Amino acid sequence: MDFGLSGPEQAFADEVRAFLRAHPPETFPEDGTDAGYGSGGHSRAFTRALGGRGWLSMGWPREHGGQARPMTYLLILLEELAAAGAPFGPLSGCLQVSDSIIRNGSETLQREILPRVARGDATFWQGYSEPDAGSDLLALTTRARLDGDHWVLDGHKIWSSHAGIATYGTVLARTDPASTRHRGLTMLMVDNRLPGMDVRPIRSLTGQVYHYEIFMDGVRVPRDWIMGKPGEGFGQLLKGLDTDRFWGRFYKAPFLRRILGLLVEYANTVRSGDGGARRQLAHAATEIAALRALFYRAAWLIERGLPATGEVAAAKVMADELGQRVLSLGMELLGPYGALRAGSPWARLRGEIEHQYQTSWGHTLAGGTSEIQRTTIAVRALGLPAEPRARA
Amino acid sequence: MDLLFSPSQQLLQQSARAFLQQRCPPERVQALALDPRGFAADLWKEIAALGWPGLLIPVELGGSGGSVGDALALVEELGRACFPSPFIASAVVATTAVSAVGGRRAQALLPALALGERICALAMLEESGRLDPDALAMPVAAPGRLTGRKLFVSDAHVATDVLVLGRGAAGPTALLLPMGRDGITARPLDSMTGDKIFELDFADVQARPDDLLGAPGDGWALLGPAFRLGALARSAEMVGAAQRVLELCVEHARVRVQGGRPIGGYQAIQHACADLFRDVESARWLMWEAAWQLEAGRPDADAAVATAKAYCAEAALRVARRGHQIMGAIGYSEEHPLHLFHKRILAASLDMGDATLHLDTVARAIGLS
Numbered sequence: 005m006d007f008g009l010s011g012p013e014q015a016f017a018d019e020v021r022a023f024l025r026a027h028p029p030e031t032f033p034e035d036g037t038d039a040g041y042g043s044g045g046h047s048r049a050f051t052r053a054l055g056g057r058g059w060l061s062m063g064w065p066r067e068h069g070g071q072a073r074p075m076t077y078l079l080i081l082l083e084e085l086a087a088a089g090a091p092f093g094p095l096s097g098c099l100q101v102s103d104s105i106i107r108n109g110s111e112t113l114q115r116e117i118l119p120r121v122a123r124g125d126a127t128f129w130q131g132y133s134e135p136d137a138g139s140d141l142l143a144l145t146t147r148a149r150l151d152g153d154h155w156v157l158d159g160h161k162i163w164s165s166h167a168g169i170a171t172y173g174t175v176l177a178r179t180d181p182a183s184t185r186h187r188g189l190t191m192l193m194v195d196n197r198l199p200g201m202d203v204r205p206i207r208s209l210t211g212q213v214y215h216y217e218i219f220m221d222g223v224r225v226p227r228d229w230i231m232g233k234p235g236e237g238f239g240q241l242l243k244g245l246d247t248d249r250f251w252g253r254f255y256k257a258p259f260l261r262r263i264l265g266l267l268v269e270y271a272n273t274v275r276s277g278d279g280g281a282r283r284q285l286a287h288a289a290t291e292i293a294a295l296r297a298l299f300y301r302a303a304w305l306i307e308r309g310l311p312a313t314g315e316v317a318a319a320k321v322m323a324d325e326l327g328q329r330v331l332s333l334g335m336e337l338l339g340p341y342g343a344l345r346a347g348s349p350w351a352r353l354r355g356e357i358e359h360q361y362q363t364s365w366g367h368t369l370a371g372g373t374s375e376i377q378r379t380t381i382a383v384r385a386l387g388l389p390a391e392p393r394a395r396a
Numbered sequence: 037m038d039l040l041f042s043p044s045q046q047l048l049q050q051s052a053r054a055f056l057q058q059r060c061p062p063e064r065v066q067a068l069a070l071d072p073r074g075f076a077a078d079l080w081k082e083i084a085a086l087g088w089p090g091l092l093i094p095v096e097l098g099g100s101g102g103s104v105g106d107a108l109a110l111v112e113e114l115g116r117a118c119f120p121s122p123f124i125a126s127a128v129v130a131t132t133a134v135s136a137v138g139g140r141r142a143q144a145l146l147p148a149l150a151l152g153e154r155i156c157a158l159a160m161l162e163e164s165g166r167l168d169p170d171a172l173a174m175p176v177a178a179p180g181r182l183t184g185r186k187l188f189v190s191d192a193h194v195a196t197d198v199l200v201l202g203r204g205a206a207g208p209t210a211l212l213l214p215m216g217r218d219g220i221t222a223r224p225l226d227s228m229t230g231d232k233i234f235e236l237d238f239a240d241v242q243a244r245p246d247d248l249l250g251a252p253g254d255g256w257a258l259l260g261p262a263f264r265l266g267a268l269a270r271s272a273e274m275v276g277a278a279q280r281v282l283e284l285c286v287e288h289a290r291v292r293v294q295g296g297r298p299i300g301g302y303q304a305i306q307h308a309c310a311d312l313f314r315d316v317e318s319a320r321w322l323m324w325e326a327a328w329q330l331e332a333g334r335p336d337a338d339a340a341v342a343t344a345k346a347y348c349a350e351a352a353l354r355v356a357r358r359g360h361q362i363m364g365a366i367g368y369s370e371e372h373p374l375h376l377f378h379k380r381i382l383a384a385s386l387d388m389g390d391a392t393l394h395l396d397t398v399a400r401a402i403g404l405s
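Each protein sequence line maps, in turn, to chains A and B. Add 4 to the 1-based position in the first sequence for my numbering, that's all there is to it. Add 36 to the 1-based position in the second sequence for my numbering, that's all there is to it.
In isolation and in its complexed conformation, chain A is listed as follows:
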């Protein structure tokens, strides 16, 4: 049993830290909101800087321009970035989509998109949820029909993160009109600049824009801008779900550790001698450590190609619910100051607790609700019988 880093891995961690010292994260302009998952704000400039180091593609096979580095290097990169509060918002989307393109994408997609991802010039949104297809994703109605060399895409996607500032979307659409449920679905790669795309912001309860809804009206997508073959969309989605959930949450533990550090500093200066606060913070530290251990267990399984559905879903549930507890504790410790926004007179800790507190309430919904995750653990990892589906 060895939880340690090898010599070259430790050297890489040092390299990332040195990079962050030389290029302080706060010097990069942010073009999109920090959604609180731990990956900071959306910054194209920072994404390009990561690309410039070769870190966006370091895990790819060499034939795609990567360095074939083991998964541990990505874990190290994400942990260091999250611990520093760097704005790497688009990174997990880049990892997920590039992985999918390498596994399932057409040669055209691999040629057109991968080099742009590697440079940090391409970022992605996910087009899965629809107004009437949330937890019941298979109720989706977005459709695409083949017309010559193009798919003609019509539909309405919603809750897509950063869709207005990303370059491409992966859109799940029904390509076989005679099909139902999980059959006849295809994953299309859609360029935001195509005619017929209408991407509209949704202001969230934080007062900022993170989500978008996307109206697609006769959007013509080149025939080979799809993942795999037509009809394989759901299988691919399912296959990629564990890793998507993993890469969407892995940095939550180091992020919460950073938040905890802020709260410890606050408690030491403002609430010294408050034994209750001391115990609550120490307790939170144990839970964050346990969350990190669970993510590392899931990572180890994923890297070996072993089933990790239960571990990943459990880690996601724990990450999101623990995040809510830690941020709620922060609000409690800050008392009346907690509600003051960044920039307000008397705001504490740069208003970060207030912002992350608010964002945390979306996390147990996004990427599959905590209820969906728990059902997944019960049915797919523990082997309990699935609930009967209501007759349509």
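Just so you know, the hints here were simulated from the structure itself, not pulled from any lab data. Among these hints, one or two may not hold up.
Stated by the list, open to error - What follows is a list of derived Cβ distance ranges for each label pair:
hint, chain 1, residue 1, chain 2, residue 2, range
1, A, 186, B, 260, 53 to 63 angstroms
2, B, 94, A, 8, 20 to 30 angstroms
3, A, 269, B, 260, 23 to 33 angstroms
4, B, 94, A, 265, 39 to 49 angstroms
Claimed, not checked - Examples of chain A residues toward chain B, derived with CB under 10 angstroms:
hint, residue
5, 6
6, 8
7, 10
8, 13
9, 76
10, 261
11, 264
12, 272
13, 285
14, 287
15, 289
16, 301
17, 304
18, 314
19, 315
20, 388
The structure displayed is predicted, hence computed values, not measured ones. The beta-carbon is built from N, C-alpha and C at its ideal position, and this holds for glycine as well.
The hints should help you fit chain B onto chain A, whose structure is shown.
For chain B alone, coordinates are given in the frame of chain A:
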């Protein structure tokens, strides 16, 4: 990073699981819990023959020279079987402390501990109930006479020796005494956990210089590593027990039919089982990470052990308590094994430092003043 058990650990786990399934089923655990003097002398002999008490003892002193990881892999199985024994007190904590002292004491005692012929109890806690050097009140001097009282001493009725930590002139001081020394009497306490715990009274007991374990005043420093390993062992025991509770609950949810389908087909039960899985897995890997830190001699190992003990206790207790709700009325009955696991977890959560003690260590480690 490699989260794989070594081949020898896997072998140890498999053989331990097979042995305990056959020789220590829940009915046996139950009978031992109900018997006021319950001690499985036969099983203790058998596990001694399997070499378990000697796992942490060097080969040249009759043990098998196993690693911390080997011991924890075994203890996870002991927890899974709810095996009641002085194993952690004697074969983990006392053995580690005696090994640390080395010399003639170790050479004299360790071979007998390895064979299971001697069992060492731990007399640490006093009325405060806290495992804390500042809470020690019983005066200890060697040479000298001991008078005082220790509480919550497990398995004093079968122990041949007792490790006593008291307040010496130079600080906390450890003695290793034969249980038969004149003036030592054990009075049984009656615990809901089924563990056999005692008040140990010392009435003008003679303490000789060679009863000292380590130098006077060094007791806490000497026992520190043993306590840390003990805390990890209790964590492993809780993880193993919680794993078994998860299995019992999932099995019950699969076969118990209400309203025309297994209760595990209802979301309310599914989600409760999912939470058990989360708690067991997160506790297990946190414990193993701390074990790795301890074995690798990492600078943060103390904090990692405290973190693991505090979290494993909380998570395993949550598993036991939620388990009762999943199991329904049958789990409330004495004949059902669920309560045995719950009580074992509860006892383990209190031994080797409770949440208050470990959270204090964590608080200091994260920089709280």
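Here is what the structure says about each hint:
1. A hinted range of 53 to 63 angstroms holds for the C-beta pair residue 186 of chain A and residue 260 of chain B, which are about 57 angstroms apart.
2. Against the hinted window of 20 to 30 angstroms, the Cβ-Cβ separation of residue 94 of chain B and residue 8 of chain A comes to about 26 angstroms, which satisfies the hint.
3. At about 29 angstroms, the CB distance of residue 269 of chain A to residue 260 of chain B agrees with the hint of 23 to 33 angstroms.
4. Restraint check, residue 94 of chain B to residue 265 of chain A: a C-beta distance of roughly 42 angstroms satisfies the suggested window 39 to 49 angstroms.
5. With its C-beta approaching chain B no nearer than about 5 angstroms, residue 6 of chain A sits inside the 10 angstroms limit, and its interface hint holds.
6. Because the beta carbon of residue 8 of chain A sits about 6 angstroms from the nearest beta carbon in chain B, less than 10 angstroms, this interface hint is met.
7. At about 8 angstroms, the closest approach between the beta carbon of residue 10 of chain A and any beta carbon in chain B falls short of 10 angstroms, and the interface hint on this residue holds.
8. Of the supplied interface hints, the one on residue 13 of chain A holds, with its beta-carbon coming within about 8 angstroms of a beta-carbon of chain B, less than 10 angstroms.
9. With a cut of 10 angstroms, the hint placing residue 76 of chain A at the interface with chain B holds, because the nearest CB-to-CB distance is about 6 angstroms.
10. About 9 angstroms separates the beta-carbon of residue 261 of chain A from the nearest beta-carbon of chain B, less than 10 angstroms, and the hint is met.
11. For residue 264 of chain A, the shortest C-beta to C-beta distance to chain B is roughly 7 angstroms, which falls under 10 angstroms, so the interface hint holds.
12. Look at residue 272 of chain A: its Cβ gets to within about 5 angstroms of chain B, closer than 10 angstroms, so that hint holds up.
13. Annotation: interface hint on residue 285 of chain A holds; nearest CB of chain B at approximately 6 angstroms, less than 10 angstroms.
14. Residue-level restraint check for residue 287 of chain A holds (minimum Cβ-Cβ distance to chain B is 6 angstroms; threshold 10 angstroms).
15. At its closest, the beta carbon of residue 289 of chain A sits 5 angstroms from a beta carbon of chain B; the interface hint therefore holds under the 10 angstroms criterion.
16. Checking residue 301 of chain A against chain B by beta carbon gives a least distance of about 4 angstroms; that is within 10 angstroms, so the hint holds.
17. Because the closest C-beta pair between residue 304 of chain A and chain B is about 5 angstroms apart, less than 10 angstroms, the hint holds.
18. Restraint check, residue 314 of chain A versus chain B: the minimum CB separation of about 6 angstroms is within 10 angstroms; hint holds.
19. For residue 315 of chain A, the interface hint holds, since its Cβ comes within 10 angstroms of a Cβ in chain B; the closest pair sits about 6 angstroms apart.
20. With 10 angstroms as the threshold, the beta carbon of residue 388 of chain A comes within range of chain B, its nearest partner Cβ sitting at about 4 angstroms, so the hint holds.
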